[in-house]
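S.K.: Keeping their order, the protein sequence lines are chains L and X.
Quick note, in the working numbering, the first sequence goes up one by one and the last residue is 251.
Quick note, in the working numbering, the second sequence goes up one by one and the last residue is 416.
Since the hints were made in silico from the structure, they are not lab data.
Some hints here could point you the wrong way.
Where chain X lies over chain L, by a calculated footprint (3+ residues, C-beta under 8 Å) [to be verified]:
#1 152–158
#2 185–193
#3 215–226
To give an idea of the interface, some chain X residues facing chain L are shown, with a C-beta separation under 7 Å as derived from the structure [said to hold, decoys possible]:
#4 Ser23
#5 Pro31
#6 Ile37
#7 Val39
#8 Tyr151
#9 Tyr152
#10 Val162
#11 Thr189
#12 Tyr254
#13 Gln258
#14 Gly332
#15 Ala358
#16 Asp359
#17 Thr405
Beta carbons: idealized from backbone N, C-alpha and C, even for Gly.
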Amino acid sequence: MTDAVTLSYINLYAVLGALPKLCELVPEASALVKGKPVSVGFAVKGGPHATLCFQDGGCTLRDGVEGCDILLPFSSPEKFNGLIDGTVTPVPRKGFTRIHFLLKEFTALTNLLTRYLKASADDLKDDEFFTRSTTLMLYVVAAAVCQVGNHDAIGRFSASYIVDGTIRLSVHDGPAAVISAKGHKLAVDPTTPPRCTACMEFSDIHLARDLFDGKVNAVACIGTGGIRMSGMISMIDNVNRILDRVALYLA
Amino acid sequence: MRKLNSYENSRAQFARAAKVIPSGIYGHQGPAEGCYIPVEAFPLFSDHAQGTYFWDVDGNRFIDYMCAYGPNVLGYNDPDVDEAARRQAEKENCVTSPSTVMIDFAELLVDTVDCADWAFFAKNGNDVTTGAIMCARAYTHRKKIVFFKGYYHGVSPWTQKVDYPGVLEEDVMHNLYVDWNDFDQLAETFERYKGQIAAVIAQPYMHGNFMDNQMPLPGFWQKVRKLCTDNDVVLIIDDVRAGFRMDLAGSDHYFGFQADMICFCKALANGYNVSALCGRDFLKNSMSSLSYTGSYWMSAVPFAAGIACIEKMKKLHMPELLIEKGKKLKGGLLKAAADNGFNLHVTGIESLPYLRLADDPSLHLHQQWIAECVKRGVFFTNHHNHFINAALSDEDIQETIDIATEAFHVIREHMD
């Protein structure tokens, strides 16, 4: 039902790819990497290659590993996926003098990310934590949709029906993530344009959370007005089909 | 300016429904698949209907251009059809042995439909498209089915796509997809899968959603027909949607070719629950061989209704009548749009008009216009073709154009 290559793209671009947003949303995350300019490259044989760049308490993700300070090679997508689920310890090929960053700050940062993405019931009682955690999930989901639409066999089939344009996933008066589609390839659009080809908006962040957690169904929510869709509905329809696949990968 | 509808009771009933019915109203008549945008502009439950109108549970009256998504062809509660159904109901309906009215109905269809040497009855369009595919596979002993992209042939797994919930890759592994009107692509597909293709299934023209409907290119169907004949592939026309609104002899007849099987439902019995698969003689034994039936498939009341409906459609020259009404509507809407500076596209045959405001490719503007029409009592839907019925009067068409004009004014104000 799922494949390791697609999962490796999700793990790099959606899960680790959420670190830039984590640094934006959570002061504790930003503080961890403040004053520690370093870049960590992930090179997955038969899978994705990308680099996390830490600078001034923020973080960005760029394609490729050229020029990174620390390089973490993985012999297969399965090995890289093992890093994410905690069963594989990476061995750097480059950047041994900065390995303390990996062991200390980076580990603390990924632990914090896990705390927000796999939030406990107790943490979610805190409104601010709830909002940050759900916001982060929105970005993870949007990025994961792109990776599933680009790499998973059935996801690619869904993407083949998505016309060129932009799809906005948003919470009313809250965060928004935009996916752009061009030639049936999907990517997160960091500019979040206000006018998109298709829009899907959750009435509030609690409903968004319930949808991400699989507690409610989008079709039912459209009837109640909890979810509003507009524009090129076929794009939303196909993104929803990919979302079903995302749930399998992120489960 | 007209008073705008409000839907408090619809909302309350939906909340009630959502507790006990998955998604409240599922499928095409629900707010999600029906693309009710925004949902607040649309009624969700009806109370009663007559002629070309229905009234919702809040008492709002609508000129109904969806016609229950097609079945309402003569007008809701047509007295002749209802009387035939009532008389049959007094005699019998769902009984151990079927009524001979089933034979009468089959004979009428064989006499009416150009390609029909026999008729097989079921309940919904999906029943007969599925029966047609099974028959084609039984006849040819082949697996592959060719579809034209943008198709809709029902809801059974074979009609859906691999990414739909509940559908397995194995359900659709023998489906082949080609672009509408692309004969060369179809011919290449036949060559690539030579000896493996059981059937081509298609609607008579492309009714696809989110895009203008597309008629066949000149000669397209004739070439497809020959290709199928030359390769012993069964040609199935899904006339569930367009049936009897283009040509009483079948939409294949309208386009000048003959299908091997043709599927009817919607306009067949003016709302009574029956569908029909008609086919040519060489497929009759294969159809006989299928293990394919249902608890209510031989109920007599819908057969009696169907006979009355077809006879009345013949008397009224139904396709011509509906196309004429559709032309009046199309002309009025196009003028209203142009007068207000909008570029409205009305595509497909006039008895099944598909509307799209082309000024905004994202369709947001189109959705705003449709919502303003619905709030004022014209039931259009966003991304599906509409249906004309015989009860639609010139006054109804004029009222529709007036409301559409007012809706254009409203969206123009919003744009400004």
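S.K.: For each hint, tell me whether it holds in the structure or not.
M.R.: To see whether the hints hold, each was checked on the structure:
Remark: the segment 152–158 of chain L is confirmed as covered by chain X, as 4 of its residues place a Cβ nearer than 8 Å to a Cβ of that chain, reaching the required three. Beta-carbon proximity to chain X at under 8 Å applies to 0 residues in the segment 185–193 of chain L; the threshold of 3 is not reached and the given coverage is violated. Counting residues of the segment 215–226 of chain L whose beta carbon lies closer than 8 Å to any beta carbon of chain X gives 8, which reaches the threshold of three, so the coverage claim holds. For X/Ser23, the interface hint holds, since its Cβ comes within 7 Å of a Cβ in chain L; the closest pair sits about 4 Å apart.
Contact between X/Pro31 and chain L, as hinted, is supported at the beta carbon level, the nearest pair being about 4 Å apart and thus within 7 Å. Taking 7 Å as the C-beta cut-off, the interface hint given for X/Ile37 holds, the closest approach to chain L being about 5 Å. Interface restraint check: X/Val39 against chain L, minimum CB-CB distance 5 Å, threshold 7 Å, status holds. For the restraint placing X/Tyr151 at the interface with chain L, the shortest Cβ-Cβ distance is roughly 12 Å, beyond the 7 Å limit, so the hint is violated.
The criterion of a C-beta within 7 Å of any C-beta in chain L is not met by X/Tyr152, whose closest approach is roughly 13 Å, and the hint is violated. At a threshold of 7 Å, the smallest CB-CB gap from X/Val162 to chain L is about 6 Å, leaving the interface hint in force. For the restraint placing X/Thr189 at the interface with chain L, the shortest Cβ-Cβ distance is roughly 17 Å, beyond the 7 Å limit, so the hint is violated. Interface restraint check for X/Tyr254: the shortest CB-CB distance to chain L comes to about 28 Å, outside 7 Å, so the restraint is violated.
Contact between X/Gln258 and chain L, as hinted, is not supported at the beta carbon level, the nearest pair being about 32 Å apart and thus beyond 7 Å. The closest approach between the C-beta of X/Gly332 and any C-beta of chain L is roughly 27 Å, which is over the 7 Å cut-off, so the hint fails. Interface hint at X/Ala358: violated, since its Cβ lies 13 Å from the closest Cβ of chain L, which is beyond the 7 Å cut-off. Restraint check, X/Asp359 versus chain L: the minimum CB separation of about 14 Å is more than 7 Å; hint violated.
The interface hint given for X/Thr405 is broken, as the beta carbon of that residue sits about 23 Å from the closest beta carbon of chain L, more than 7 Å.
Violated hints, in rising order: 2, 8, 9, 11, 12, 13, 14, 15, 16, 17; the structure is consistent with all others.
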